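Asks: Here the protein sequences come in this chain order: A and B.
Take any residue in the first sequence, count from 1 to its spot, add 1: that is its number in this note's numbering.
Take any residue in the second sequence, count from 1 to its spot, add 1: that is its number in this note's numbering.
Because the hints were derived from the structure by calculation, they are not lab data.
Be careful, since some hints might not be right.
Each pair may be met inside one copy or between any two copies, as identical chains are not told apart.
As the list claims (entries may be wrong) - In silico SDA-like cross-links for lysine to any residue, where the CA-CA straight-line distance does not exceed 20 angstroms:
| no. | residue 1 | residue 2 |
| --- | --- | --- |
| 1 | Lys432 | Glu478 |
| 2 | Lys151 | Glu545 |
| 3 | Lys335 | His363 |
| 4 | Lys28 | Lys512 |
Only a predicted model underlies this, so the values are computations on that prediction, with no experimental measurement involved.
2 protein chains.
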Amino acid sequence: MQRENLQAYYIPGTGPHISEYLPACWKTREFISGFTGSFGEVVITERNAILWTDSRYFIQAGEELAGSGFEMFKLRVADAKPFDDWLIENFPRGSRVGVYPHHISVNTHKNLLNKLSASGIELVLTPDLLDEVWEGRPKLPDNEVFELEKKYAGVSRVDKLDKISQIINQQGADIQVVAALDDLAWAFNLRGSDIEYNPVFIGYGVIGSDIKALFVEKKKLPVTLSEKMEREGIKIYGYDELTGFLKGLKDQKILIDPQLTNVAICEACSVNNKVVEKQSVPLALKAVKNNVELEGFREAMQKDGVALVEFLYWLRQNLGKEAITEYIVGKKLKQFRAAQEGFVGESFPPIVGYKSHGAIVHLSVDEASAFKIGPEGLLLFDSGGHYLHGTTDITRTIALGGLTGQQKRDFTLVLKGMIALSEAKFPYGTKGCHLDILARKALWSHGLNYGHGTGHGVGHFLSVHEGPMSIRQDYNEHPIVPGMVVSNEPGLYRTGEYGIRIENILLCIEKEDTGFGRFLGFETLTLCPIDTTAIDTKLLSRQEKNWVNNYHKVVRGKLKNLLSDELNLFLAGITKDVE
Amino acid sequence: MQRENLQAYYIPGTGPHISEYLPACWKTREFISGFTGSFGEVVITERNAILWTDSRYFIQAGEELAGSGFEMFKLRVADAKPFDDWLIENFPRGSRVGVYPHHISVNTHKNLLNKLSASGIELVLTPDLLDEVWEGRPKLPDNEVFELEKKYAGVSRVDKLDKISQIINQQGADIQVVAALDDLAWAFNLRGSDIEYNPVFIGYGVIGSDIKALFVEKKKLPVTLSEKMEREGIKIYGYDELTGFLKGLKDQKILIDPQLTNVAICEACSVNNKVVEKQSVPLALKAVKNNVELEGFREAMQKDGVALVEFLYWLRQNLGKEAITEYIVGKKLKQFRAAQEGFVGESFPPIVGYKSHGAIVHLSVDEASAFKIGPEGLLLFDSGGHYLHGTTDITRTIALGGLTGQQKRDFTLVLKGMIALSEAKFPYGTKGCHLDILARKALWSHGLNYGHGTGHGVGHFLSVHEGPMSIRQDYNEHPIVPGMVVSNEPGLYRTGEYGIRIENILLCIEKEDTGFGRFLGFETLTLCPIDTTAIDTKLLSRQEKNWVNNYHKVVRGKLKNLLSDELNLFLAGITKDVE
């Protein structure tokens with residue numbers, strides 16, 4: 002920092018692809034601070050080392066930072082002081098703050114630059130200072146890239162790239178740099194395993210009518226696959242060749258998504274070409290699933306449903322007999338899924354919370370800290386799988402013994418919200434922030450609420466959290482349209498007592514076209530029983546009871562041929578009609 | 002235009018105070034085009050004269066523009082081309098577009114400047130070209146300004162101005178130019194009658210810790226009032242002295258609201274001072290009513306309720322006997338309100354729509370075009386009054402004879418939405434776009450919808466449409482908080498058949514503070530029966546029936562002492578419990 006004449010160094014906590022999850026080599030924030038959570042920003046000065054994170058991680062960060070010399074500053078609390086405000090307050094005009102341009106998005110950089118420069122602080126692009134002090138820094142992952150066949154993807158790579166190119170042209174650009182790893186994997190019908198729980202590979206794409214190029218470490222591509230792509234007109238370059246390639250272009254209009262693209266790429270684009278800042282074209286396209294992808298989702302949900310019924314049966318048989326912990330529940334969920342054909346891996350680390358652990362929304366337990374579970378109280382489990390057909394994400398909360406009146410009421414209010422969103426019918430153009438209240442209304446009417454969003458997009462054998470749409474209070478300009486796959490996961494968390502969350506995956510579908518416009522709705526994709534013993538049936542309307550009973554009928558019907566007689570009997574027993 | 006070397010001249014259709022309603026002297030768009038609607042923009046070029054307006058006015062504008070040489074361009078339709086896009090498409094780089102800086106807001110001007118300059122078109126500030134061709138242009142209204150006593154306003158002028166000054170300081174400014182006429186009237190506890198249906202007067206204010214100044218034609222102020230204000234430390238200047246006054250200030254930080262302030266004022270502020278663009282301080286303050294204002298609202302609602310019961314009784318007695326038209330209904334509504342103590346005037350032109358006229362949302366009928374009403378079908382009437390105590394706005398739709406099943410179903414679905422919003426309970430911070438679906442859900446579930454917003458703020462003896470909050474699908478950052486008074490007016494319109502709207506005014510109130518946060522809700526202020534003969538009771542839940550019956554009990558109770566025995570009997574008869 003002295004060499005670079007910096008008074009502060011900012012580490013945004015993301016990598017070159019601006020991802021939520023990173024391979025070890027880009028975990029600079031974790032390397033310097035020891036904090037392992039998914040969100041945190043660091044500022045280092047001559048006197049201070051500070052980590053900013055939000056309420057999900059206050060406890061974890063407190064423990065992980067202990068003794069490191071790092072302080073924690075809290076975000077999303079009253080009087081929170083974000084790092085930029087802190088910098089402005091603590092450094093005089095003329096100070097210099099450094100950041101590594103490969104690890105900050107164009108938008109974040111622009112906003113920060115405007116804010117700091119208004120206070121006379123200079124934001125400087127620097128080399129990766131951490132690289133110079135990181136001994137034994139891990140290497141870039143070099144796992145093999147594989148093709149997702151058209152029978153799973155629904156559309157061939159060539160057709161997808163042509164469609165993307167057309168839209169890039171319509172957006173007033175010649176080419177797009179595809180920087181987000183899930184956009185890249187989707188656009189090229191490729192998958193990988195470079196990042197835990199995310200079937201993506203490290204690479205970039207450049208797509209346009211005249212140029213189709215993939216930038217990836219060549220050793221990651223099987224020869225047959227690279228030959229096939231070259232025959233399809235796709236040029237293969239090394240991962241490090243992107244910026245040089247971009248600088249070598251002339252007079253192109255290059256579309257980059259400023260939220261998903263790092264500053265170094267943007268600068269390389271600007272040298273001899275014009276930058277067009279727009280939303281990534283594959284981002285919006287991949288959110289609307291095609292029929293093959295949807296059939297795949299349905300198949301994945303059946304497999305997931307079988308695994309979950311097997312799990313519930315195993316739990317029923319063994320609870321109170323052998324020692325079962327939250328950790329073992331997570332392992333068992335994976336084990337039952339792994340037995341299904343087409344299973345590739347878990348779509349995120351399972352969240353298994355028994356009793357008071359259930360109230361910790363972003364719980365992460367290891368073998369040592371896991372609670373032992375017994376025949377009483379509530380058990381929440383949120384888990385999912387990647388299948389070649391699609392990705393799943395499901396939460397159930399089940400009663401392991403008799404529940405209190407409050408527990409049943411809470412469970413039923415969460416369920417009412419889940420049902421209300423499932424049954425929503427809404428005009429074309431409706432956004433997630435309009436629908437969100439449906440999942441909360443029953444809770445609100447009792448003075449209850451939950452602090453997370455209600456729904457996120459789900460990728461097709463891709464990220465379990467996928468944009469651009471969402472169902473939450475925050476305004477999101479992207480409407481929910483047919484073909485989108487989103488989660489529906491209201492919850493309730495009583496700190497120190499228990500947590501409840503019920504999550505199904507929904508598909509947005511057309512309902513009817515009336516003189517008052519196109520009306521849309523949802524089809525529930527998830528196939529897994531809801532614990533009717535946890536319901537306070539007095540709180541359900543006739544219509545809500547019908548929803549539960551119809552849902553269970555569908556679950557039984559769709560899983561019937563995939564379950565043994567014993568498991569069909571078990572399923573029938575736990576899905577008796579609610580009256 | 003040739004003298005100014007302009008290729009086009011833009012008339013935004015607003016005046017110096019950026020108001021929805023204008024006195025005749027500022028109706029430049031109406032003068033030049035003949036179009037009298039409340040929204041329209043005009044562009045004049047050497048070859049074209051074009052008016053842009055939205056679906057409310059397509060029919061009216063078509064008729065009013067006939068033979069004028071003006072074309073109509075439609076806004077808010079598929080493939081709409083706003084005037085700025087039209088200019089860019091039709092004029093080469095280097096073209097000059099003129100606008101009069103006194104009749105365009107800072108924000109509109111800034112956006113237009115950015116957009117046009119990106120296409121090489123220059124936006125030029127010019128004199129008021131229309132003034133040079135407008136023979137017999139009306140004069141500025143010079144109606145008397147009067148004081149709204151503290152017993153109505155709740156807070157004295159001195160205390161209000163001090164509070165406003167404090168907040169201006171907290172916002173990082175020394176003074177604010179108050180340009181919006183309702184902000185001005187509220188801040189100074191003054192009212193006027195310069196604009197139809199709006200109890201405001203033409204003027205400006207400058208408010209700060211060291212300066213309190215009112216800019217108004219001096220002849221409009223009674224001597225006793227101006228002397229009183231001068232004793233309170235308020236300087237009185239002529240209306241035209243504002244820009245000179247602002248240019249004469251030195252090194253002040255002047256807050257202006259860029260949505261509510263015209264460019265000429267902003268330029269005058271910039272000469273020797275710094276402009277701070279923020280939301281108008283009185284705008285947010287006046288939206289949260291104080292207890293005296295709320296008591297006034299309740300009193301106004303009682304008076305309005307009495308007038309409406311008298312109207313309903315008159316209609317019952319005379320329908321089918323004497324010739325009654327929509328026009329006469331409007332006159333009668335005014336007449337019954339006018340008999341109430343404290344009545345000042347109507348808060349907007351009454352909308353009275355019988356049968357197919359009810360489906361025209363922004364209906365305006367005159368004596369000649371009014372339908373005669375008879376003992377059948379649906380009658381919609383939307384009307385309101387200004388009382389010294391407060392402003393009212395109410396819509397009822399009543400059955401004048403037997404209804405079809407579809408009519409009853411439609412009425413009941415609208416009512417269900419109105420009830421759902423009335424009963425909402427929601428955490429602090431909830432915005433109008435989150436709540437809007439409550440009023441629409443019952444309609445949406447039947448493939449029905451309405452094309453207007455659900456709720457607007459209502460001023461306290463001020464504009465019947467008041468910001469900054471709203472309840473509609475559009476995102477509005479201002480949450481609904483305790484003390485805000487908003488309308489609740491879902492509807493349904495079947496073109497050529499009938500229209501239904503039911504509108505009550507709600508007050509946002511505290512409900513409870515739980516471990517999950519502060520929860521808010523609404524108290525219904527409007528006191529007028531809902532036509533139970535139009536309800537399909539099969540479609541109402543027990544809870545909804547209870548709401549209707551409880552509401553009618555409150556209406557009877559609050560109006561009892563103000564109605565004759567005969568009218569109490571009548572009211573009891575039409576508000577029998579729904580079972």
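Asks: With reference to the structure, classify each hint as holding or not holding.
Replies: Structure-based check of all given hints:
no. : hint              : result
1   : Lys432 <-> Glu478 : both (7 angstroms within a copy, 16 angstroms between copies)
2   : Lys151 <-> Glu545 : neither (40 angstroms within a copy, 53 angstroms between copies)
3   : Lys335 <-> His363 : within (19 angstroms within a copy, 60 angstroms between copies)
4   : Lys28 <-> Lys512  : neither (45 angstroms within a copy, 46 angstroms between copies)
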